[in-house]
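**Q** These are the residues of each chain, in order.
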Amino acid sequence: MTEATRPTNGEIDAAADRLAQGGLSATEAEELWHHLEATVVLPMIQRLEEELDCDTLGAAAEAKLRGRLQRYRMAKGRFPRWLERTLVNLARDEKRKVRRRGSFGMDDPDQLADARGEEEPTPSLDEQLGRALTALRQALDELERRPRARQQKTDYHAMLLLELRLATAARLRGHRDALAAAGVTRPEVSAARLAWSEAEQAREIQPGWPKLQSVWEILAEELARTDDLLTDDDVVRLLAPLPGVAAPTAVAWRQWRTRATQAATEFLGDDRFERVVAGWL
Amino acid sequence: MTPRRERTEPRNDVSGSTLADWDRWCGVIVQRLQVPLHRLTGRERFELLACLGKLERTAPRHLSVEARALRTQLRDKLAQEAGDALADVLANNPLAAWARWTAQALNKPTTDQLREMLAALDDTEAAVAVVAGLKPRSICPDLDGLLSACRTWVERHGELFAPLRGEVERLCDSMPADLEEENYDLAVTLLKFEAILDPLPDERDTPVEPAPFTSAVLEALIRKPTAQ
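In order, the protein sequence lines correspond to chains R and A.
Here the working numbering is used: position 240 in the first sequence is 262, and no number is missing along the way.
Here the working numbering is used: position 165 in the second sequence is 234, and no number is missing along the way.
Keep in mind the hints are simulated off the structure, nothing from the lab.
Every residue, glycine too, gets a C-beta built ideally from N, C-alpha and C.
Fair warning: there could be bad hints in the mix.
Part of the chain R face toward chain A, derived, beta carbon under 8 Å [said to hold, decoys possible]:
no., residue
1, R107
2, D177
3, L264
Reference listing, derived: stretches of chain A covered by chain R, where coverage requires no fewer than 3 residues with Cβ under 8 Å from a Cβ of chain R [said to hold, decoys possible]:
no., stretch
4, 92-104
5, 108-115
6, 280-288
Have a look at the derived ranges for each label pair, beta carbon to beta carbon [as the list claims (entries may be wrong)]:
no., chain 1, residue 1, chain 2, residue 2, range
7, A, S133, R, T78, 30 to 40 Å
8, A, A165, R, T78, 33 to 43 Å
9, A, E288, R, D77, 48 to 58 Å
10, A, R112, R, L54, 54 to 64 Å
11, A, D181, R, Q223, 32 to 42 Å
12, R, A36, A, D247, 33 to 43 Å
13, R, A272, A, D247, 44 to 54 Å
14, R, P265, A, D181, 50 to 60 Å
15, A, D92, R, T280, 49 to 59 Å
16, R, D75, A, Q100, 50 to 60 Å
17, A, K177, R, A36, 45 to 55 Å
18, R, A51, A, E250, 19 to 29 Å
19, R, D75, A, N176, 39 to 49 Å
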């Protein structure tokens, strides 16, 4: 595109606003979108893919950007800045997906908005937390009911339950004073939010191991004592003295954890696992 | 008299921090409000815009009555006098030193150096956001490009700014919840703060430590009894 035909910022904002407001014919909308794509969207995606080292951003943006564009309003600011924020948020999602690290969607307003539809108002943090916990509980209930392969020795559902509590406790580190002021410890908060049924408490990670609840109590004691992360080595060391436990190596423990999340992903599907479970891990 | 923020919000009191010094911002405005814009130096006008941008980004309940009044007066003044006075004001931004700061930041920076760098970026973004609402055509594309590059740098190096997390978290707490939906030019200023509060994982680091919950999430977790 030549200098003479390059659109001004105002023209770009106006084009995005027209597209967002709707009411255009399909052809007009397509033309307008291609115009924006060529002048603003693709150059920004390419830059961010390169600078943020996120080569999946383009694919994620293609799937989500046009839907989100409906929220743009020219009166509220410039389109390139709206786009930058949206794309950086998408890049963050992509990077976090890779490492399965998140915060159950509570700091991702776009993701939440996608899940609840365009028109609903932004829920409070407490509401978001309640919904996230409810969705997680439903998924765990479904996972618990799935048939277990006969030859499978390790109880991957028990591993997942434990992993969720350990990950939540890990994310509560650094808040020792605030927890103390509230009169709770991080394993107590973790266990209260991710409560187990009696049947879940009674599960055994391996045949002959103590019940899951007993395993948790050993680990919880250590979590309450320190403000550190529990590594796989720590967990194995702490569990070794328990009666009936043929102490696994840290490598084996890590494999059980990995297999637990893989099994849950296979059962729930990638999307649901990412949306409902992965953020807690 | 310098307007003071209400003392009923002690969590947001980060006096001494250039990142979140409402008293200083109000002081700058009080000092320059009565002076015609064209009589101020370019740097003074730039600072005035930056202060207004940062006040605009503050939820009203976090501002004193005087600060809110100053904000309105300055808005009116800019709307009336802006014109040519805004044409080149953004050229007075302090980001000429950005390349030097990034080099410093990668080599055992002091907290003050990190804060200076972040405050300079924040000031420029805030000033640009104000100009975007008044005279967007006077924003040079090169400056937009520079700001995007600065933001991306912080995005990639959020972990470096860990010593400022407390200040940044308190500053973010002072902002309205709907900022993202209401003012895109101000909302984009949040990107760097989010990158600092929850840095992106680096694939080369293993194992990844899960990022700690923010204080707000922690409080919600403590409050929330169980799944609904």
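**Q** Now, for every hint given, state plainly whether the structure supports it.
**A** Now for the hints, and whether the structure bears them out:
no., hint, result
1, R107, "5 Å, holds"
2, D177, "22 Å, violated"
3, L264, "24 Å, violated"
4, 92-104, "violated (count 0)"
5, 108-115, "violated (count 0)"
6, 280-288, "holds (count 9)"
7, A/S133 - R/T78: 30 to 40 Å, "46 Å, violated"
8, A/A165 - R/T78: 33 to 43 Å, "35 Å, holds"
9, A/E288 - R/D77: 48 to 58 Å, "37 Å, violated"
10, A/R112 - R/L54: 54 to 64 Å, "41 Å, violated"
11, A/D181 - R/Q223: 32 to 42 Å, "52 Å, violated"
12, R/A36 - A/D247: 33 to 43 Å, "24 Å, violated"
13, R/A272 - A/D247: 44 to 54 Å, "46 Å, holds"
14, R/P265 - A/D181: 50 to 60 Å, "56 Å, holds"
15, A/D92 - R/T280: 49 to 59 Å, "52 Å, holds"
16, R/D75 - A/Q100: 50 to 60 Å, "45 Å, violated"
17, A/K177 - R/A36: 45 to 55 Å, "48 Å, holds"
18, R/A51 - A/E250: 19 to 29 Å, "23 Å, holds"
19, R/D75 - A/N176: 39 to 49 Å, "22 Å, violated"
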